[in-house]
Every structure is written in structure tokens, then in C-alpha cells.
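Take the sequences, apply the hints, and build the full model.
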Amino acid sequence: MNVNSHLEKIARLESLRARFDALEDFELWFWAGMTGGTHAVNAALHHAGITAADDVYAAQPGVYLVPQPDGTLRHAFRPLGDVLHVGRPAVKAPVPEDIASMMHLMESVEQYRDPCVRHGVVPTAAIVKECDTAVLECFRLLNQRLRSAS
Numbered sequence: 008m009n010v011n012s013h014l015e016k017i018a019r020l021e022s023l024r025a026r027f028d029a030l031e032d033f034e035l036w037f038w039a040g041m042t043g044g045t046h047a048v049n050a051a052l053h054h055a056g057i058t059a060a061d062d063v064y065a066a067q068p069g070v071y072l073v074p075q076p077d078g079t080l081r082h083a084f085r086p087l088g089d090v091l092h093v094g095r096p097a098v099k100a101p102v103p104e105d106i107a108s109m110m111h112l113m114e115s116v117e118q119y120r121d122p123c124v125r126h127g128v129v130p131t132a133a134i135v136k137e138c139d140t141a142v143l144e145c146f147r148l149l150n151q152r153l154r155s156a157s
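Going letter by letter, the sequence shown gives residues 8 to 157 in my numbering.
Some hints could be false.
When the alpha-carbon atoms are kept at most 25 Å apart in a straight line, the in silico DMTMM-like pairs for lysine to aspartate or glutamate are as follows [what the hints assert, rightly or not]:
id	residue 1	residue 2
1	Lys136	Asp105
2	Lys16	Glu137
3	Lys136	Asp77
4	Lys136	Glu104
5	Lys16	Glu31
6	Lys99	Glu114
7	Lys16	Asp62
8	Lys16	Asp32
9	Lys136	Asp61
10	Lys99	Glu117
11	Lys136	Asp28
12	Lys99	Asp77
13	Lys99	Asp62
14	Lys136	Glu34
15	Lys16	Asp61
16	Lys99	Glu144
17	Lys136	Asp121
18	Lys16	Asp139
19	Lys16	Glu34
20	Lys16	Glu114
21	Lys16	Asp121
22	Lys16	Glu144
23	Lys136	Glu117
24	Lys16	Asp28
25	Lys136	Asp62
26	Lys99	Glu34
27	Lys16	Asp105
To be clear, the hints were calculated from the coordinates, so they are not data collected in a lab.
Shown next as C-alpha cells:
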């Protein structure tokens, strides 16, 4: 994807996330935030020229769905474009400090994915606050990066 596509998805996900009660609808709220934060990391990586900003869609690490002239999508191996989750796949190139911070913030969010979404750990107000703070800081860092380039 490209930077503008990521920004559009972030806006839609944040609009959706705002409609959920973070504790009662934790799984949906969490996925919207985690996905939005991952889009922010991808946008920052593209903006920095570290990853390819092609209009293809990550399916698995190294495998992308590539639009075809007839409107279908075809699987293809491609150089690193969008990461699915921070660290999957790993970014081998050096990243600027702000993007490294964004990645660290998203790792702090993702530490709750398996316990709270897959293994039945009941989310707490503290977990919600930690995740929300991390996602919002990730967005702030992306916006700061984009503003400084204009």
C-alpha cells in the first residue's frame, strides 16, 4: 500500500474504534487499534523509503496479493512492503529513531493480543490505558514525521 492508503485506513479504524466501549468490546476495540497502529508503522516505513510503497497487499511475510489488469489478485513474492505485525517480517534495514519508537509502542500493544484475545485473560482498565496511550503516541509520531517533511 502507499502512505495515503494507510492514512485513510487509520482514519476509518479510529472512527470505528471510537464507537466501541474499550472494556466491553475489547477484542474489536483492540484489533482496530492494533491494525491502525500497524498501518501507521507501515506509512512511516514507506515515508522513510525503507519499505516499498506499492499498491499490493501483504498476505504472508514476503507474499503479496498483486492486482491484475482484469481486477483479480495474484499471489507473488515481493521485496518488503507492508509488515503484517511489527517484526513479521522483520525490517532488516536501519530505521530512524521515531520509527523504532513506533515499532516498540506497537510491540507493547501486541503483547496483549494472545493473552486477552486468544487465551481468555480479562482486559483491565490499565491494559486499555496502556494500549490506547501506545496507539495514540504511534499516531502522533507518524503525524510529526509527515508534518516535518512538508
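Hint compliance check: list the failing hint numbers for this structure, sorted ascending. 3, 9, 12, 25 and 26
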